[in-house]
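Asker: Sequence:
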Amino acid sequence: MNKNGAPDEEQLWFDRHMRSELSRFDQAFEQPELDPMQLEAFVQNHRQEMKRKLWRELAFFWIVAAIVLVVVLGALNRSLALFAALQAAAGLGAIGYIGITLGKKVKRLWKNS
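Residue numbering for the sequence shown follows this note's numbering, starting at 23 and increasing by one per position.
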């Protein structure tokens, strides 16, 4: 609308050419409204599933962390050279993994080269 309150030329063009097509599109793909009780039950089930999944992942993390800690402390107790070699191997492995992951990401971004 312009300053006078009358619709401007672009709005009139839009109404004339697009309004009926958009209305027809909305009617063709209209989604039925969900029952609030069904939606609430769906959300509750999803929350419970996510909670179980997160607890499972946390337990897995703690198990792996305990194993890694036992191995590292065992290597440190057995030999300082073995501990240093284990730390160097872990560092190099992490650097390699990050390099490969970032390399794949760059290839995805630049597909034309």
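It cannot be assumed that every hint is accurate.
Stated by the list, open to error - Pairwise CB distance ranges, derived in the manner of DEER restraints: (1) Ile85 / Ser45: 34 to 40 Å; (2) Val128 / Glu71: 34 to 40 Å; (3) Tyr119 / Glu71: 27 to 33 Å; (4) Glu52 / Ala112: 24 to 30 Å; (5) Phe105 / Val65: 35 to 41 Å; (6) Phe36 / Lys129: 49 to 55 Å; (7) Lys73 / Thr123: 52 to 58 Å; (8) Met72 / Gly125: 46 to 52 Å; (9) Ile120 / Gln53: 30 to 36 Å; (10) Arg100 / Phe64: 34 to 40 Å; (11) Gln33 / Gly118: 55 to 61 Å; (12) Phe51 / Val92: 53 to 59 Å; (13) Lys75 / Phe105: 32 to 38 Å; (14) Val65 / Ala103: 52 to 58 Å.
Unchecked claim - Derived SDA-like pairs: lysine to any residue, alpha-carbon spacing no greater than 25 Å straight-line: (15) Lys127 / Ile117; (16) Lys129 / Gly118; (17) Lys75 / Leu61; (18) Lys75 / Val94.
Rather than coming from a laboratory, the hints here were simulated on the basis of the structure. Just so you know, even glycine gets a beta-carbon here, dropped at the ideal spot from N, CA and C.
Asker: Run every hint past the structure and note whether it holds.
Answerer: Hints versus structure:
{"no.": "1", "hint": "Ile85 / Ser45: 34 to 40 Å", "verdict": "violated, 57 Å"}
{"no.": "2", "hint": "Val128 / Glu71: 34 to 40 Å", "verdict": "holds, 35 Å"}
{"no.": "3", "hint": "Tyr119 / Glu71: 27 to 33 Å", "verdict": "holds, 30 Å"}
{"no.": "4", "hint": "Glu52 / Ala112: 24 to 30 Å", "verdict": "violated, 56 Å"}
{"no.": "5", "hint": "Phe105 / Val65: 35 to 41 Å", "verdict": "violated, 49 Å"}
{"no.": "6", "hint": "Phe36 / Lys129: 49 to 55 Å", "verdict": "violated, 42 Å"}
{"no.": "7", "hint": "Lys73 / Thr123: 52 to 58 Å", "verdict": "violated, 29 Å"}
{"no.": "8", "hint": "Met72 / Gly125: 46 to 52 Å", "verdict": "violated, 33 Å"}
{"no.": "9", "hint": "Ile120 / Gln53: 30 to 36 Å", "verdict": "violated, 43 Å"}
{"no.": "10", "hint": "Arg100 / Phe64: 34 to 40 Å", "verdict": "violated, 54 Å"}
{"no.": "11", "hint": "Gln33 / Gly118: 55 to 61 Å", "verdict": "holds, 59 Å"}
{"no.": "12", "hint": "Phe51 / Val92: 53 to 59 Å", "verdict": "holds, 57 Å"}
{"no.": "13", "hint": "Lys75 / Phe105: 32 to 38 Å", "verdict": "holds, 35 Å"}
{"no.": "14", "hint": "Val65 / Ala103: 52 to 58 Å", "verdict": "holds, 56 Å"}
{"no.": "15", "hint": "Lys127 / Ile117", "verdict": "holds, 15 Å"}
{"no.": "16", "hint": "Lys129 / Gly118", "verdict": "holds, 16 Å"}
{"no.": "17", "hint": "Lys75 / Leu61", "verdict": "holds, 21 Å"}
{"no.": "18", "hint": "Lys75 / Val94", "verdict": "violated, 28 Å"}
Of the numbered hints listed earlier, those contradicted by the structure are 1, 4, 5, 6, 7, 8, 9, 10 and 18.
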